[in-house]
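Can you join these two chains into the complex? Each is in its own frame, and there are hints to help.
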Amino acid sequence: MSTFYSETILDHYAHPRNWGRLPSPDIVADNDDPSCGDQVHLEIALGPDGRVAQVAFEGEGCMISMASASLFTEHLQGKRIADLEGLTEEEVLGWLDAPIPPNRRRCALSPLIALRAGLAAYRRAAGG
Amino acid sequence: MDTARIRADFPALSCTVHSHPLVFLDSAASSQKPLPVLEAMERVYREYYANVHRGIYAFSEEATLAYENARDRVASFINARGREEIVFTRNTTEAINLVAYTWGRANIRPGDRILLTEMEHHSNIVPWQLLAQEKGAQLVYLPITDDGFLRMDLLDSLLDGQVKLVAVTMMSNVLGTINPVREIVQKAHGAGAVVLVDAAQAVPHMPVDVQDPDCDFLAFSGHKMCGPTGIGVLYGKEALLEAMPPFLGGGDMIRKVEWESATWNRLPWKFEAGTPAFVEGIGLGAAVDYLSGIGMEAIAAHERGLTAYAMERLSVLPGLSVIGPPAHQRGGVVAFTFRGIHPHDIAHMLDMEGIAVRAGHHCAQPLHRRLGLTATVRASFYLYNTAEEVDRLAQTLERVGETLGR
Ligand SMILES: Cc1ncc(COP(=O)(O)O)c(C=O)c1O
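Line by line, the protein sequences are chains H and C. For reference, each letter of the first sequence is one residue, going 1 to 128 in our numbering. For reference, each letter of the second sequence is one residue, going 1001 to 1406 in our numbering.
The shape of chain C in the complex, shown without the other chains (with noise of 0.2 Å):
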C-alpha cells in the first residue's frame, strides 16, 4: 500500500496544526475525507442537482440514479443480496434506533431478554434500555475478561430462550477487541435470537460481509469510512424489513395516501421519509469506490501493523498502560492511561504539538467503569497513517510525562 499517496488523495492531512504538522489519530471518531468523495458531492451540486425520485426532468433522474446506484454499491461492499436490504439513514446511531422503534416494538414483549456486551457505545445501549423499559423487557450483558474480551464461556447460559434480541459490537471502539461474531450468531440463531451487528467500526476498517457471518441487521456510519457526516447504513435481511412496521412517517416512504391511512413504498424507501440526505449517499458511493480501490484487506493488513508497532512504542513508556487485547487481536484502535496525567491534559499536551487523539469515555461510561476507568486517551489508526506519526506519538507522549507526571 502506498501511504504516501494515499495521504495525497486527503487535502486535511497536510495541514498545520499550532505550527506543527498535523497527525490525525482520531479516525475511529470519524476519519478524513478523500478528493473522490469531495468532488463526487461537489459535481452534484454543481451539475446535476435535482430532489429525487420525483422530478420528470434530466437532473431530477440523474441524481436519482446517482443516489440509487451508490446504494447499490453499498450494497455489493458489504455482500448484501440487493438493494431492498440498503437502508440509508442518518449514521449507526439512527440505525439501531430504526430497529429498535420498529422489530422491537413489534417484537419485543414483558419479560423478553436483549444480550448485549459490556463492551457496546452507548449508541448500541440506550436504544435498547429506551425499548426495555417501554415494553418491559430485560437488559442482560454479556461480561469482558479484564483484558478485554467477551467471555464467550457465558454465552450459551445466557442465551436462556428469553432473549430475542442480540445486539454486538464487531469491533469495540475503545479496547480494539475483534469479536467472533461468527460464533455469536450461530449460537443466537440456535437459541432463537434475531442478531443485530453494529459495524461502526468495522466496516470502515476489514472485509465485511454480512453473509458470513449471517447477520440479520449490521449497522454502520459513512463518516467513519471517508465519507460524509449525515449518512448511515441499516443492513437487514428483506423478510425482516417487509415485516417490520415504518419507522418516520412522510413523503417517499408511501405507496398510497388517504384521509385516514396510508400504504407503504417497497423496501428499502419504506424507511426513507422525507428528501434523504441524497448527495451525501452519493459521497458514500465514492468512498466505497474508493475503499475498494484500495482493498479492505490491504487496509486492514496496514492498521494491523501500525497497531503493533503502536504498541511496542507506547508499551515502553514506564507508566503507560494500554486496556485492551494483545495487538495480534484488535483492530487499529489503542487506549490507554499515562501516568496518572488526566486524559484531558494529555490530549491537549498533543494537539499543541499537532497530534489529534481522543480523551474521555468515548461514548462507553458502562466500559470504563467496569474498568475501574473515568477516561483513557485514545489514538486510532486509519489507511492514511504512517509509522512516523506513531513515532511522533511515542516521542511527544515521553515529552507529555515529563512535564506533567507525577
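Just chain H, with the same shape it has in the complex (with noise of 0.2 Å):
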C-alpha cells in the first residue's frame, strides 16, 4: 500500500537505536506531548573534548516521534554543546528523508524540543 513512511522510518522505528539510559549522562531531556501520548527522554553524554560521545534514548508514541528520536541519537554523535544548540528543524526533518506533512512535524520534532529544553537545563546548571 502506498505509504508516506520512507525505509529509513520504518526501519528506525522497528529497530530503534542506541534504545536505554547511560550510567553517568550530561545532559538529560524529556519532551511528553499529552496531545498524542509521545513521550521522548533522551540522554547525552560528553566526552573530555566536549563532543558528544554517547547518547541513548527512550519513549512511546508513534512511529514518526520514535523513528526521528532514534535518529537523533546517531546524528547526535560528535556534535559540540554548540552545534546541538545550533540544530534547526529543518536539519531534523530531513534525516526522515520523506515528507513530512505539516500535522505530523510536532511528532517529527518531538526529540529536538527534548534537546531544546534539556540543553537549557544543562546551560543553567552549568551558571550560564
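For the record, the hints were derived by calculation from the structure and aren't laboratory data. Computed from a predicted model, the values in this text were never measured in an experiment.
Facing chain H, according to a computed beta carbon distance under 8 Å, are these residues of chain C, among others:
{"id": "1", "residue": "1342"}
{"id": "2", "residue": "1344"}
{"id": "3", "residue": "1345"}
{"id": "4", "residue": "1348"}
{"id": "5", "residue": "1360"}
{"id": "6", "residue": "1365"}
{"id": "7", "residue": "1374"}
{"id": "8", "residue": "1375"}
Glycine residues also receive a C-beta, built at the ideal position from the N, C-alpha and C atoms.
What follows is the structure in C-alpha cells.
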C-alpha cells in the first residue's frame, strides 16, 4: 500500500538505535506531548573534548516520533554543544528522508523539543 | 433513506483525496454541509445582507426576520416551548461556559458539589473546574464501567444534597454510549440539583426533546449537524434564564443604558451581546429543515445499521479492539486501538487512501486515562455514510496492519 513512511522511518521504528539509558549522562532531556501521548527521553554524555560521546533514548509514541528520536541519537554523535544549539528543524526533518506533512511535524520534532529543554537545563546548571 | 440522493446534496463528498474518493468518517468532530445550507447562507450575503435588530429598512428587517425565524425552527426541532429558551452561542463550549459564568456564579457556593461523569468532553469539564476553583466548590465524577456505561448504581449515593448541578453528556463522543438521561434528570431533580445536558453528539444524530427528559439546560453545536461553524445553541428553561445575570455585556443585550448602569433586554437577546452570527444562525435554520426533511428517526436508524456493520467488520481484524458498549447500545462512533500501532500512524495511512478518521484523545483525556489509553482512532458516521465506506475502512485497516503491525 502507498505509504509516505520512508524505509528510514520504518527501519528506525522497527529497530530503534541506542535504546536505553546512560550510566552518567551530562544532558538529560524530556518531551511529553499529552495531545498524542508521545514521550521522548534523551540522554547525552559528553567526552573529554566536550563533544557528544554517547547518546541514548527511550520513549513511547507514533512511528515518526520514535524514528526521529532514534535517528537523533545517531546524528548527534561527535557534535559540540554549540552544534546542538544550532540544530534546526529542517535538519531534523531531513534525517527522516520523507516529506513530513504539517500536521505531523510536531511528532517529528519531538526529540528536538526535548533536546532544547535539556540544553537549557544544562546551561542553567553550568551557571550560564 | 436514499443515501445516494443524500450524498448528492453534499458537494464535499465527491472530492478526491490523495487520488482516492473521499471517505469521510469524522462527522462527530464536524459534519459536511449540504447545498440547502450553503445556498441559504449565500442568499443572505447576496440578496438581503444587513445587520439584524437595528435597521429601519428592508434588508435589515428581512435579515432579522430570517434569523429569528431560524431560532423558532431550532426551538421546535428540540421541542422547546418558545424562542425565549433558545440562546444562540458560538458552539457547545460557549453554551456550557455561559451557564458556568452566569448561573454558576450566581448559584454555586463554597462546599457545593458539581456532579460530572468520567466520559465528559473537556468542554463539559474545564468550565466547571474554573467555576469550582473560583467558588471553592467540589467536582465529583460519576464513574464508568470498563465497557463504557455510567455506574448508575452509584448515582443515588453521589446525589447527596450537596450537589447543585449535574452536567452530563447525552452521548459520549468517544465511547458512543447513549446515557440514560431521563433517569439522571429525575434523580437529580429529586435531589434538588439542576441538570445541564451536553447534547453535542445527540441533537445531530437522534430525536431530542428538551421536555422529555426534562432538561434545565441543553447545549449543542451547529457545525456537527450540517450547519455552519460559529453558531451553537444553549437551551434553558425560561425561569432559569430569566433569573440569571447576563453573560457578555454590550449592544443588543441591553434595554436601556445610563452612564453608571444598564438594564437588560428580554430573553433570549439578554445573552446575545454584539452583532450575532446571524448568517450562521440562518444557515443553522436551513440545516434543521434539511435534517427534519429526512427525519431524525430515519437518520438514527441509518447510523445504528452502519455502526453495527462497522463493529462486525472491524472486530474480526486480529488485534483490533473497539472501546465502549456493544453496537445496539451506542450511537455512530467507533473508537478503537489496533495492533499496538499508534493512532496517528493509522490515521495517516488511512488518509493516504482517502479515508478521514480522527486520532488522538478526542478532547477526553481523563476518559482515555481511565481506560488506560493515551489515544484511539475514531470512525464516526452520519446520514451520508455507506456500508461500502465501512468496507473500505475495514479493507484498508487490514493492509495497514500488514504494513505497520508488529
Ligand atoms: C460530547 C461533546 N461535547 C462538547 C463538544 C464541543 O463542541 P464544540 O467544539 O462545538 O464547542 C463536542 C465536540 O467535539 C462533543 O463531542
